[in-house]
Amino acid sequence: MSQSAQRIVNNPKFQELVAKRSAFAWTLSIAMLVIYFGFILLVAFGKGFLGTPIGSGVTTWGIPIGVFTIVSAFILTGIYVNRANGEFDELNRQILEESK
Amino acid sequence: MRAVTTRIAAATAAAGALVPVTAFADALSGNVQKQATNWEAIIMFLAFVLLTLGITFWAARRTKSAKDFYAAGGGITGFQNGLAIAGDYMSAASFLGIAGLVYTSGFDGLIYSVGWLVGWPIVLFLIAERLRNLGKYTFADVASYRFQQTPIRSLSACGSLATVTFYLIAQMVGAGKLIQLLFGLDYLVAVILVGVLMIGYVTFGGMLATTWVQIIKAVMLLSGASFMAFMILAKFGFSPEAMFKAAVELHPKGLAIMSPGALVSDPVSAISLGMALMFGTAGLPHILMRFFTVSDAKEARKSVFYATGFIGYFYILTFIIGFGAILMILAPDATGAYPFLTAAPAAGAKAAVTAIIGGTNMAAIHTANAVGGSLFYGFISAVAFATILAVVAGLTLAGASAVSHDLYASVFAKGRATERDEIRVSKITTVVIGIVSIILGVAFENQNVAFMVGLAFVIAASANFPILLMSMFWGKMTTRGAVLGGALGLISAIVLLILGPTVWKAVLGHPEAIFPYDNPGVFTIPLSFLAIWFFSITDNSETAKNERRAFEAQYIRSQTGLGAEGASAH
Numbered sequence: 003m004s005q006s007a008q009r010i011v012n013n014p015k016f017q018e019l020v021a022k023r024s025a026f027a028w029t030l031s032i033a034m035l036v037i038y039f040g041f042i043l044l045v046a047f048g049k050g051f052l053g054t055p056i057g058s059g060v061t062t063w064g065i066p067i068g069v070f071t072i073v074s075a076f077i078l079t080g081i082y083v084n085r086a087n088g089e090f091d092e093l094n095r096q097i098l099e100e101s102k
Numbered sequence: 079m080r081a082v083t084t085r086i087a088a089a090t091a092a093a094g095a096l097v098p099v100t101a102f103a104d105a106l107s108g109n110v111q112k113q114a115t116n117w118e119a120i121i122m123f124l125a126f127v128l129l130t131l132g133i134t135f136w137a138a139r140r141t142k143s144a145k146d147f148y149a150a151g152g153g154i155t156g157f158q159n160g161l162a163i164a165g166d167y168m169s170a171a172s173f174l175g176i177a178g179l180v181y182t183s184g185f186d187g188l189i190y191s192v193g194w195l196v197g198w199p200i201v202l203f204l205i206a207e208r209l210r211n212l213g214k215y216t217f218a219d220v221a222s223y224r225f226q227q228t229p230i231r232s233l234s235a236c237g238s239l240a241t242v243t244f245y246l247i248a249q250m251v252g253a254g255k256l257i258q259l260l261f262g263l264d265y266l267v268a269v270i271l272v273g274v275l276m277i278g279y280v281t282f283g284g285m286l287a288t289t290w291v292q293i294i295k296a297v298m299l300l301s302g303a304s305f306m307a308f309m310i311l312a313k314f315g316f317s318p319e320a321m322f323k324a325a326v327e328l329h330p331k332g333l334a335i336m337s338p339g340a341l342v343s344d345p346v347s348a349i350s351l352g353m354a355l356m357f358g359t360a361g362l363p364h365i366l367m368r369f370f371t372v373s374d375a376k377e378a379r380k381s382v383f384y385a386t387g388f389i390g391y392f393y394i395l396t397f398i399i400g401f402g403a404i405l406m407i408l409a410p411d412a413t414g415a416y417p418f419l420t421a422a423p424a425a426g427a428k429a430a431v432t433a434i435i436g437g438t439n440m441a442a443i444h445t446a447n448a449v450g451g452s453l454f455y456g457f458i459s460a461v462a463f464a465t466i467l468a469v470v471a472g473l474t475l476a477g478a479s480a481v482s483h484d485l486y487a488s489v490f491a492k493g494r495a496t497e498r499d500e501i502r503v504s505k506i507t508t509v510v511i512g513i514v515s516i517i518l519g520v521a522f523e524n525q526n527v528a529f530m531v532g533l534a535f536v537i538a539a540s541a542n543f544p545i546l547l548m549s550m551f552w553g554k555m556t557t558r559g560a561v562l563g564g565a566l567g568l569i570s571a572i573v574l575l576i577l578g579p580t581v582w583k584a585v586l587g588h589p590e591a592i593f594p595y596d597n598p599g600v601f602t603i604p605l606s607f608l609a610i611w612f613f614s615i616t617d618n619s620e621t622a623k624n625e626r627r628a629f630e631a632q633y634i635r636s637q638t639g640l641g642a643e644g645a646s647a648h
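The listed protein sequences derive, respectively, from chains A and B.
With positions in the first sequence counted from 1, the corresponding number in our numbering is that position plus 2.
With positions in the second sequence counted from 1, the corresponding number in our numbering is that position plus 78.
Next up, chain A with everything else stripped away, as it sits in the complex:
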């Protein structure tokens, strides 16, 4: 392993970065999996619910739930990119700086 790499491993900030970023990435991944497979399971088992009209109209609960699943994918990526490109990248920059 190169000297820089050795310094990075020994830098507590690196451990902090990796721990925080991984936990964040896995949490969001699980959130996406839960939302999506929740939707799919509703499609498979909860057809009646998804087909129930909201109020007195023809629009069913399935429509906002489906659209929510799509929008949630976008929002989750936004949340991740916002933190990763800000807080985490700043930490990463410091780690690389200190490894020189």
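Hint data in this document are derived by calculation from the structure and do not stem from the laboratory.
Hints are not guaranteed to be accurate.
[Stated by the list, open to error] Examples of chain B residues lying across from chain A (beta carbon under 7 Å, computed):
#, residue
1, I189
2, P199
3, I200
4, F203
5, F322
6, V326
7, P345
8, A348
9, G352
10, V382
11, F383
12, T386
13, G387
14, K583
15, T638
All C-beta atoms, glycine included, are put in the ideal place defined by N, C-alpha and C.
Put chain B on the given structure of chain A with help from the hints.
For chain B alone, coordinates are given in the frame of chain A:
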């Protein structure tokens, strides 16, 4: 001549639980009627071709090194790459297919759209930045990072080529049929045209030209679809409820179009499909390759954010367009005629969905005509063609780099090939892939190629994705584990798909399928992970120990970008 709709309906009934991927590709693979020559569309398409050829000429002068050819010099911005990814991913099948499905079944179209989108956040959270930090041109760079090059690269190249080939066949056959439908050109002419243009873009302009073709196509498709959705909603005072209400009154299925139908009835199929779509997206070589075109991990993340936004927005638009199709096609126009149906309904009866001229794939196209007149109709037809070109160009480039960068430069020349040689091999491969796909396009003209996109996704999810993910996250993986696990995933996916209802029953004509599910993902993806784990932990060879020791350095680079490929100077 069997209509596309009856094919879908028959498949649905036969399979019990239809796998959306299958139906999807089927949307463009049924028999179609050739339409009258559509001059507006041809002129607009020619304008698109001229523009993209101009860009190819410009790109060719900037494409000198291997990095330029494979990765556009690494100088694409996150926003541009996000658009290009969207252009690479939104195929004509998803535009015309989803709109057509919403037109026939309503809500079910939304189930498809959701499945095709949710892989993207996973790509972002687990793959994108690590891929960018570790790799150079292909995902095999990452998968083979600390392992023996020959076995892993060979396997990854097989996985890539299998994915690309099946995807490409579906696209070529779809292109031929679609162009017949939209432009009134001959199937053969259409397939050759697509093949020649994609060879041109890729051999001369490399990744730079491919990227811009994809960006332009994405902008055209998104603006065309936005305009349509706007015009449709405007008719109902921007009230979705009013639009749904009108659609329910017109549609023969009535209120049933507002709830899930027969498409996903069996939970095993539903989950299996979900897994294949979600993890397949993260294993598609032409998509993964796009992350090497940006300068660093930061831009790679932004790419996915923008791509997810554009793709999600597009799927919501297609849902509205599908409902618009119900409203425009099944209702009489101002003169009381039904211009988009082969036969007007009997007095007092609802119009039949399947009476649509040209089959249900034409739903979006007819709607374009209804909301924007013949000029806009021509525009949307041209967009559909441009869409296919952008997708096949990306696929071809991914296939060519698997051959030149992984097989030729690493396996055959053991890293001793010069950059010039590598690019030369890449260009030759591009021409070969182009010619082969023309031949396959012709050979499969009258075949049901529906299962091929599904196959591409299952292979990507069962072979490419597990190796890639485990190589980045699991320090104890060894070459043996990766090769055996990946190979098992690849083979089991192909075998189970062939033994399943889509191929064994529908294509080969056997009365009963040997394997009951259309989509084997729920079995093959865990199998591949399990095999990687098992054959790695039982591997106590000397090389295995070295590979485990090398993980830490790889891990540091993947996390921090230390020593990662930068953008080229120009």
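Consistency of the hints with the structure:
1. I189: holds (6 Å)
2. P199: holds (5 Å)
3. I200: It holds, given that the least Cβ distance between I200 of chain B and chain A is near 6 Å, below 7 Å.
4. F203: holds (4 Å)
5. F322: holds (5 Å)
6. V326: holds (5 Å)
7. P345: holds (4 Å)
8. A348: holds (5 Å)
9. G352: Interface hint status for G352 of chain B: holds (5 Å vs cutoff 7 Å).
10. V382: Status holds, d = 6 Å.
11. F383: The hint holds - F383 of chain B has a Cβ within 7 Å of chain A, the shortest such distance being about 4 Å.
12. T386: holds (5 Å)
13. G387: At about 5 Å, which falls below the 7 Å cut-off, the nearest Cβ of chain A leaves the hint on G387 of chain B intact, so it holds.
14. K583: Interface hint status for K583 of chain B: violated (22 Å vs cutoff 7 Å).
15. T638: Constraint on T638 of chain B satisfied, holds at 6 Å.
Hint 14 from the list above is the single one not met by this structure.
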